[in-house]
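One line per chain: the protein sequences are A and B, in this order. For the first sequence, position 198 matches number 197 in numbering that gives the first Met the number 0, and the numbering has no gaps at all. For the second sequence, position 84 matches number 83 in numbering that gives the first Met the number 0, and the numbering has no gaps at all.
There may be inaccurate statements among the hints.
Same chains, same label: a pair holds when it works inside one copy or across any pair of copies.
In silico BS3-like cross-links for lysine-lysine, where the CA-CA straight-line distance does not exceed 30 Å [to be verified]:
1) Lys191 x Lys18
2) Lys45 x Lys158
3) Lys158 x Lys191
4) Lys139 x Lys45
Derived by calculation from the structure, the hints in this document are not laboratory data.
As a plain string of letters, each chain reads:
2 protein chains.
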Amino acid sequence: MNIITISREFGSGGRELGKRLSDALNVPCYDDEIIEAVAEKHGLSKDYAAHMSEKDFRAIYPTTIGRRFSGFRYHMHPATNQSIQFAVAQQEVIRELAGRGDCVVVGRCADVILSDLNPFSLFVYASQESKLARCWSRAKEGEHYTDREIVQMMRRIDKECAAYREVLTDNDWGHMRSYNLCIDTSGKEIKKLVPGLAAYVKCWFGE
Amino acid sequence: MNIITISREFGSGGRELGKRLSDALNVPCYDDEIIEAVAEKHGLSKDYAAHMSEKDFRAIYPTTIGRRFSGFRYHMHPATNQSIQFAVAQQEVIRELAGRGDCVVVGRCADVILSDLNPFSLFVYASQESKLARCWSRAKEGEHYTDREIVQMMRRIDKECAAYREVLTDNDWGHMRSYNLCIDTSGKEIKKLVPGLAAYVKCWFGE
Numbered sequence: 000m001n002i003i004t005i006s007r008e009f010g011s012g013g014r015e016l017g018k019r020l021s022d023a024l025n026v027p028c029y030d031d032e033i034i035e036a037v038a039e040k041h042g043l044s045k046d047y048a049a050h051m052s053e054k055d056f057r058a059i060y061p062t063t064i065g066r067r068f069s070g071f072r073y074h075m076h077p078a079t080n081q082s083i084q085f086a087v088a089q090q091e092v093i094r095e096l097a098g099r100g101d102c103v104v105v106g107r108c109a110d111v112i113l114s115d116l117n118p119f120s121l122f123v124y125a126s127q128e129s130k131l132a133r134c135w136s137r138a139k140e141g142e143h144y145t146d147r148e149i150v151q152m153m154r155r156i157d158k159e160c161a162a163y164r165e166v167l168t169d170n171d172w173g174h175m176r177s178y179n180l181c182i183d184t185s186g187k188e189i190k191k192l193v194p195g196l197a198a199y200v201k202c203w204f205g206e
Numbered sequence: 000m001n002i003i004t005i006s007r008e009f010g011s012g013g014r015e016l017g018k019r020l021s022d023a024l025n026v027p028c029y030d031d032e033i034i035e036a037v038a039e040k041h042g043l044s045k046d047y048a049a050h051m052s053e054k055d056f057r058a059i060y061p062t063t064i065g066r067r068f069s070g071f072r073y074h075m076h077p078a079t080n081q082s083i084q085f086a087v088a089q090q091e092v093i094r095e096l097a098g099r100g101d102c103v104v105v106g107r108c109a110d111v112i113l114s115d116l117n118p119f120s121l122f123v124y125a126s127q128e129s130k131l132a133r134c135w136s137r138a139k140e141g142e143h144y145t146d147r148e149i150v151q152m153m154r155r156i157d158k159e160c161a162a163y164r165e166v167l168t169d170n171d172w173g174h175m176r177s178y179n180l181c182i183d184t185s186g187k188e189i190k191k192l193v194p195g196l197a198a199y200v201k202c203w204f205g206e
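Isolated chain A (complex conformation) (with noise of 0.2 Å):
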């Protein structure tokens, strides 16, 4: 099975080269989806499950517990309880989509959740100059932050997202040797990339 993992930068444009490596490779592209069918799988809104999703996983995770999700069910402050089992959730749904055949995941550790299935892992960066630009050529009509502000929420979800691969193994989130290929998009246009990555893909898949 020929399963893609994606993991990047916030504003390296990691997400839509996801989505356009699914197309060019004609296989599914999971990110919002696997939020989707973790509500609907477990009765919730859509909006509290993305709200879950998005929660400082670190913050709420009991470190007296150790590095792994073993012994995770007992004596945990409800809201805690809450947000292990909503990551527990995911992942048991992220394993059900990428069990149904080749695909892309995007983001969420799938390259830790999905390591038995030997996934090609891509991390996707980018200098600070060009995810700024990436992020301001996405922004709503109206939004108002200053490039700080960017740059913090930037550092705080990079930071998040470290954080919750620190809990499920000891392979750094953002380290080459965690991943199987790491692409810089600084200054590029994501489509443009794609044709070439999809090939490398094959390649490395042996097809």
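Knowing the structure of chain A, use the given hints to seat chain B on it.
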């Protein structure tokens, strides 16, 4: 001009990847050719040029000079002076060769030396297990190194690459952010990755 530079961990297959990529793109590959050109230009024997190229640059570079080459001519031990003169000669040759047109340059911090030409800079890495296996598969008949000796050699050579880079730039050797693409070759045959990589390089240069 489309210049591709390849930095690599010892044993990752970066040198083979450079040669095969240049063949796939139908452009010259400069690797040992750089040493030969320095030898020819400065009337040195090839063996002596190869020896100078392999010296630990950090050990002979006087730290009092600072992090750049400016002012390297004066008050030095002749051996130090020779090594720096060789490094400068090597840089000049790399610039001359790259000036001829599209090419692949392997090693020698060519991405830094040619930064004004906006090269596509690649870094090739692999797991230690995979690098060891690659080293063994290429060992000459009669060579009797232990795994420990090979690992020590890998570390020494990678350290020397990092040290040479440190003299030239603030962008660290082997750090994702110093390169445009970082490729994990663990357990892979280089020749099978090259067609996809060539396709990606063409996309990068907008072809």
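Now for the hints, and whether the structure bears them out:
1. Lys191 x Lys18: both (13 Å within a copy, 25 Å between copies)
2. Lys45 x Lys158: For lysine 45 and lysine 158, only the intra-copy Cα distance (24 Å) is at most 30 Å; the inter-copy one is 51 Å.
3. Lys158 x Lys191: This pair counts as within: shortest intra-copy Cα distance 29 Å, inter-copy 36 Å.
4. Lys139 x Lys45: Cα proximity of lysine 139 and lysine 45: one copy only (21 Å, versus 62 Å across).
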